[in-house]
Amino acid sequence: MKKNFHIDDFTHPGGQVTELDPAELSPLPPPYDKREKPPIRKLTDEQSTRMDASLDGVVAIGLTPPKSPEEEKAFIDKFLAGIEKLFSTDDNWTFLQPLVHTLEYCVKCQICSDACPVYVSSGRQDIYRPTMRPELFRRIVSTYIKKEHPLLRKIKDSDIDLNWQTLARLGELAYRCTLCRRCAQVCPLSCDNALISREIRKVFSQQMGIAPKEIHEKGSVQQLRVGSSTGMTPAALRNILEFAEEEIEEKTGRKIKIPVDKKGADILLIHNAGEFIAWPENLEAFAIILDAAGVDWTLSTEIAGYDSVNYGVWYDDFQFARVAIRQSQAARALGVRKISLGECGHAHKAGIVVADRVLVGDLIIPRESSLPLLEEIVLSGRIKFDPSRNHFPVTLHDPCNMVRLMGIVEPQRRILRKICPQFREMTPHGVENYCCGGGSGFAITQSTNFPDWRNSVSGRMKMKQILEAFQDAPGPEVKKYVCAPCSNCKGQFRDMFEYYDVWEKSGILYGGLVELIVNAMADLKKPFIQWEWH
Amino acid sequence: MGTLIIVLTYIAYVFIVVVYTIKIVAWLKLPPHIRWDLYPVIHEENYRYGGSYYEQPEWWTKPRPRNTWRSLFYSLKDNFYMGEYFNRNRTYWLCLLPWHLGFIFIITFHILCFFAAVTMVGGLEITAGSPQLLGKGFYYLLLLTGGVAFVAGTFGSIGMPIVRLADRGLRTYSMPMNFFNYFFFLVVYGSGLFAWLMLDPTLEEYRAYWLGLITLTPPELHPLTVLHIVLFDIFLIYLPFTRSTHYITRILAYYFIRWDDEPNLPGGKMEKQIASLLERKVSWEGKHIPSGKSWAEAATESGLPETKKDTP
Ligand code: SF4
Ligand code: SF4
Ligand code: SF4
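Those protein sequence lines, which keep their order, are chains A and B.
Under the numbering used here, the residue at position 520 of the first sequence is numbered 1874, and the numbers go up by one with no gaps.
Under the numbering used here, the residue at position 229 of the second sequence is numbered 727, and the numbers go up by one with no gaps.
Chain A extracted, bound-state conformation (with noise of 0.2 Å):
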C-alpha cells in the first residue's frame, strides 16, 4: 500500500523522500519478471557525505552540502534570482510564452500521470508525476517570487518553504525527466510539464553553473572546445575514418573515399560522433549508401562541424546556441547546399527545428533529416535490394525528438517495409511512442548509480515494448533486431540490454538504420551486419 504522499515530504530537511521498491516497479514479462539483483545500488558513505540523494536515493547532479548557513542563504538567494530571469524577456524570451502559459493554465487533473513512462514504470511514485515540478516551481514563485499574501497562499495551497536540501531535490528531480513530451502530448490545457524541468535545469546551469558533468563540462564545453563532446579532436577523427575506409573495404569489397572537408560539395552530413567510436558502422554504412547512389557529400572537420550533438537543448539555452552556430558557420565554411543530420535525435530536433530560431543572416542554412533522402534513395530503385537477407524480426523505435518532436515518422517505415519481410511495429508507436529512457542527456550521465535508476526505471517501458514486439519468438535462438536511428537511444539499449542481459536471454540485437539497409544491398558478398558484435 503506497504511503500517501504530501508535498510538504518534499521540504522536509534529512530522510529521503521517496524510497523505490522493486516489488512496485512494473512488471516485465518472463523470464525479465524475476529480481535477481536490486534494481538500484546504494551509495558507498563517502559518496552519501559528498552528494545529496535525498530524492530518491539516486544521484544525476549530486550536490554537495553547504558548509555554513550562510551559504545555504547565498545558494538560495541566487536560484532565486535565476527564477526571476525566467519571467525576463531579456533572459528569457526563447521560452517566454509557454513557460508562462505552463504555470498559469495547468488544472492539475492529471490526465499527464498515466501518460509519463517514468511515472508509471516507478509504480506510480508520486515525486515522478509530471505535475510535481511545476508544483514546487509554482510554489517557489507564489511565495518567493511574486510573494503573494499568506491568506492567498493558504487558499491556493501554493505555500513552500525553502531549504538547500528542496533546492537539491528539485535539481535531481529535474534530472529525472527524458524531456520526451508525452505528458505535454495529451494535456488538453497545452501545458508542457518537461518544459518546466528544463527551465528548472536552465536555472541550475545558465545561474548557478550546476548541470551534471558528462552534459556541460565533458560534453557542450568539450565539443566547444576540442570539436566533440566526445572529445575525439580533429585529427582523431581523421584515422577513425582511414579506419572505417579499411573496414569497408574488408566487409564489402567496395574502395570508399570517405569525403572530409570538400568545398562546395552540396551536403555536409553530420552524424553524433559517438558513432564514430561506438558504431564506426553507422558511418561506414552511411558512406556505402551515399557512394552507391551518387551523392555529392562531405563531413566536415570544424568545431562542432563533425559531430551533430547538442547537448544544450537538454539544459541551457546559450550551450544550445553557440552549438548550433558552430554547427552552421561549419556548413558555412564549407560553402555547401545544405545539412543533412545523421542518425541522431536530439540532433535532428535541435540542428533542424530549435536552431531555427538562433540563426540569422548567411547561417541560415538549410538543415534537413537524412532520412527522407535514405528514403528517396531506397525507393528510387537507384542500388538493388535483397528483402531476403534481412529476414529476421524486426521492429523500429522511434526517438521522441525526431518523431513526437519533429514529425518524421513515415520516410524510416517505407524503408523498413521494403527491405525486412520481418517487420512489425511496437505498441504504441510514432508519435505516441515511448521513450527508450536515455532522453535528456540520461543515455550518457553514468555517474554514481544513475545508469541503475535509467535502466530499472526510465527505460523499463521501452524495454517492455521491445519484449512484448518480439513475442512471437522470444529465445535467443531466433535474432532480432531493434532498429533505432538514434545514437542516443543506441547508447541506452546498449547500457540497458546489457543490464537485463537482453542478447544471452533473448537474442536481440539493437542498431541503425542504415545498417539495415547496406544488409540488403543485392551485390553485397558478405552480409554487413555482424550478430556477433552484439
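Hints are not guaranteed to be accurate.
Facing chain B, according to a computed beta carbon distance under 10 Å, are these residues of chain A, among others [said to hold, decoys possible]:
| hint | residue |
| --- | --- |
| 1 | A1435 |
| 2 | F1449 |
| 3 | R1483 |
| 4 | T1485 |
| 5 | K1510 |
| 6 | S1512 |
| 7 | F1672 |
| 8 | L1725 |
Counterexamples of contact, computed for chain B against chain A with all Cβ distances above 12 Å [to be verified]:
| hint | residue |
| --- | --- |
| 9 | W567 |
| 10 | L594 |
| 11 | G688 |
| 12 | D698 |
| 13 | I732 |
FYI, nobody ran anything at the bench for these hints, they're computed from the structure.
We treat Cβ as the ideally placed atom computed from N, Cα and C, and that holds for glycine.
Once you've looked at the hints, dock chain B with the ligands against the given chain A.
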C-alpha cells in the same frame, strides 16, 4: 432591487470582457519563442499519423499546405467534448464535462436572452404558443440552453469535489480554492435550477429581466430569481480570477506553441524579429555566460576559458 440588478449585470459583463481581454492580450504580447512544436500538428497534411513537412527531402523547396479550418475545428471541438479526459479518466470526464457544459450553456443562454429581448422590443412574442415561428424557436432554444446549463452545472459541481477527493493524485494536487469554486458554482447553478423548476418553468422572468436590461427598465422579479441573477453576476466577476481563461488560452497555445511550425527563412519577418531579440542583454550569473552582453555576443564568443581549435 430591479435597478440594482441592472447596474450589477452591466458591471459584471463589462468587467469580465475587459479582464479577459487584458489577459489574452498579455498572453499574445509575450515575445516570440524558440520553436517547441509537438506532433501531431493538425494543420499538416499528414496530421493523421503526426507527419510533418520535414518528411520530404529538401522541404524548403516544397509547398507546405496548411489546413486552417481543420485545426480550428479540432481546437474548438474539444471545449465541448473533452476527448483526452474521455479516453484517459472516464469518471473524471463524467463530472468535468457537465461542469464545463454548464458554463458554456449558461453563457449561451444569456446571449440568447439578449437577442430574444432585442426581438421582443421589435414586437416578437416569445412563448410556446407564439404565432411567429421565430418566437417559438427562441422559446424552446432558451428552455433548452437554460435547462441544460442548470442541470449540467449543478451535477458537475456536486460530482467534481467527489472525484477530486476520491482519487489519490487529484487529492494531493487539490487546493482549498478548488473546493470553494465547486461550492460557489453549485450555489449559482443550483439557485438557477431551483428558480426554474419551482417558480419559472417557462423562463419568462429571464426574458423580462433581459428586456429590462436593454430598455433600462427595472423588471419586477421573484426574489429567488433575483438571488440567482445576483449570484450569476458575482460569478461573472469572479471568473477572471480563476484559470477559466483556459477556454481561450489553450487554443492560443495550440497555435502559438504546439503547432507553431513556421520556419525562419532568409529575409523573412521572423528573421528580423529574432535579430532584434538577439540584441537583448542577458544577466545570467553562470560562469560560462558573459553577463551584461547581448544574446548574439554571448552565443558567439563562447565565454569559455579555452576556445582554440585543436588543429590536425
Ligand atoms: S499539465 Fe495538463 S494534463 Fe497535466 S495536470 Fe496540468 S492540465 Fe492536467
Ligand atoms: S517529458 Fe516524459 S519523462 Fe518527463 S514528465 Fe513528461 S512524460 Fe514524463
Ligand atoms: S534518447 Fe531517444 S527515445 Fe529517448 S528521448 Fe531521446 S530521442 Fe527520445
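Hints, one by one, checked against the model:
no.	hint	verdict
1	A1435	7 Å, holds
2	F1449	5 Å, holds
3	R1483	7 Å, holds
4	T1485	6 Å, holds
5	K1510	5 Å, holds
6	S1512	7 Å, holds
7	F1672	5 Å, holds
8	L1725	8 Å, holds
9	W567	19 Å, holds
10	L594	8 Å, violated
11	G688	22 Å, holds
12	D698	34 Å, holds
13	I732	17 Å, holds
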